[in-house]
Amino acid sequence: MNITYKDTHDFTEASLKDLFLSVDWSSGHFPEKLAVAMKNYETVYSAWDGDRLVGMICAMDDGIMNAYVHYLLVDPEYHGNAVGRKLVEMTKEHYKDYLRICVIAYDTAIQFYERCGFEISEGASPMCITSLWT
Numbered sequence: 000m001n002i003t004y005k006d007t008h009d010f011t012e013a014s015l016k017d018l019f020l021s022v023d024w025s026s027g028h029f030p031e032k033l034a035v036a037m038k039n040y041e042t043v044y045s046a047w048d049g050d051r052l053v054g055m056i057c058a059m060d061d062g063i064m065n066a067y068v069h070y071l072l073v074d075p076e077y078h079g080n081a082v083g084r085k086l087v088e089m090t091k092e093h094y095k096d097y098l099r100i101c102v103i104a105y106d107t108a109i110q111f112y113e114r115c116g117f118e119i120s121e122g123a124s125p126m127c128i129t130s131l132w133t
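Numbering (numbering that gives the first Met the number 0), first residue to last: 0 to 133.
Some hints here could point you the wrong way.
[Said to hold, decoys possible] Computed list of lysine-lysine pairs in BS3-like fashion (alpha-carbon distance at most 30 Å, straight line): (1) Lys91 x Lys16; (2) Lys85 x Lys32; (3) Lys85 x Lys5; (4) Lys85 x Lys16; (5) Lys32 x Lys16; (6) Lys95 x Lys85; (7) Lys32 x Lys5; (8) Lys16 x Lys38; (9) Lys5 x Lys95; (10) Lys5 x Lys91; (11) Lys85 x Lys38; (12) Lys91 x Lys38; (13) Lys5 x Lys16; (14) Lys38 x Lys5; (15) Lys38 x Lys95; (16) Lys91 x Lys32.
[What the hints assert, rightly or not] Distance ranges between label pairs, derived from CB positions: (17) Met0 x Leu20: 14 to 22 Å; (18) Glu88 x Met0: 28 to 36 Å; (19) Ile119 x Ala13: 32 to 40 Å; (20) Ser124 x Asp50: 37 to 45 Å; (21) Asn1 x Ala123: 36 to 44 Å.
The set of hints was computed from the structure by calculation and includes no laboratory data.
Cβ atoms here follow ideal geometry from the backbone N, Cα and C, with glycine treated the same way.
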């Protein structure tokens, strides 16, 4: 396995669909929307095994102080190979001069994010309005 990392916003709908559905995220059922969304994110880093998209991280920011990691996903076949950690490190380096980097973590991913340096914010809870089912 030879994973390469890219800084790109261009993805095929099929590669996005495959990656998002590999982790059972319902947004994978909307690959045309995902392709547009990737072009609109400020920061997108992706992991590739040859021409196969196996991981990605996407972040939004205000240009100077705050960044928000919206997506971090790694194909389950590649879990345990430090792909997610590498994507987080790339993002942290990109935003190293910002005052805050936030992520809303699923409960099952909290320990991963803590190992990457994130902390649970006291007195704060994520809130959403969504029509997605995952």
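How the hints compare with the structure:
1. Taken as a hint, the Lys91 and Lys16 pair is honoured in the structure, with Cα atoms around 26 Å apart against an allowance of 30 Å.
2. This hinted pair checks out: Lys85 and Lys32 have alpha carbons roughly 26 Å apart, not beyond 30 Å.
3. Using a Cα cut-off of 30 Å, the hinted pair Lys85 and Lys5 holds, with the two alpha carbons roughly 12 Å apart.
4. Of the supplied pair hints, the one linking Lys85 and Lys16 holds, its CA atoms being roughly 22 Å apart against a limit of 30 Å.
5. Among the hinted pairs, Lys32 with Lys16 is consistent with the structure: their alpha-carbon atoms are about 10 Å apart, no more than 30 Å.
6. A hinted pair counts as satisfied when its Cα atoms are at most 30 Å apart, and Lys95 with Lys85 qualifies at roughly 15 Å.
7. At roughly 21 Å between alpha-carbon atoms, Lys32 and Lys5 fall within 30 Å of each other, so this suggested pair holds.
8. Between the alpha carbons of Lys16 and Lys38 the distance comes to roughly 15 Å, so the proposed pair stays at or under 30 Å and holds.
9. A threshold of 30 Å between alpha carbons decides the hint, and for Lys5 with Lys95 the separation of about 19 Å falls inside it, so the pair holds.
10. Taking the CA atoms of Lys5 and Lys91, the gap is about 15 Å. The hint holds against a cut of 30 Å.
11. Only pairs whose Cα atoms come within 30 Å are accepted, and Lys85 paired with Lys38 is accepted, the gap being roughly 21 Å.
12. Note on Lys91 and Lys38: the hinted pairing holds, with a Cα-Cα distance of about 20 Å set against a maximum of 30 Å.
13. With a CA separation close to 18 Å, the supplied pair Lys5 and Lys16 stays within the 30 Å bound.
14. For the given pair, Lys38 sits about 14 Å from Lys5 by alpha-carbon distance, which is consistent with the 30 Å threshold.
15. With a CA separation close to 23 Å, the supplied pair Lys38 and Lys95 stays within the 30 Å bound.
16. Taken as a hint, the Lys91 and Lys32 pair is honoured in the structure, with Cα atoms around 26 Å apart against an allowance of 30 Å.
17. Range check, Met0 to Leu20: about 21 Å between beta-carbon atoms, so the 14 to 22 Å window is met.
18. Restraint check, Glu88 to Met0: a C-beta distance of roughly 19 Å breaks the suggested window 28 to 36 Å.
19. At roughly 36 Å, the beta-carbon separation of Ile119 and Ala13 lies within the given 32 to 40 Å, and the hint holds.
20. Under the hint 37 to 45 Å, the C-beta atoms of Ser124 and Asp50, about 40 Å apart, fit the expected range.
21. Separated by about 40 Å at the C-beta atoms, Asn1 and Ala123 satisfy the suggested range of 36 to 44 Å.
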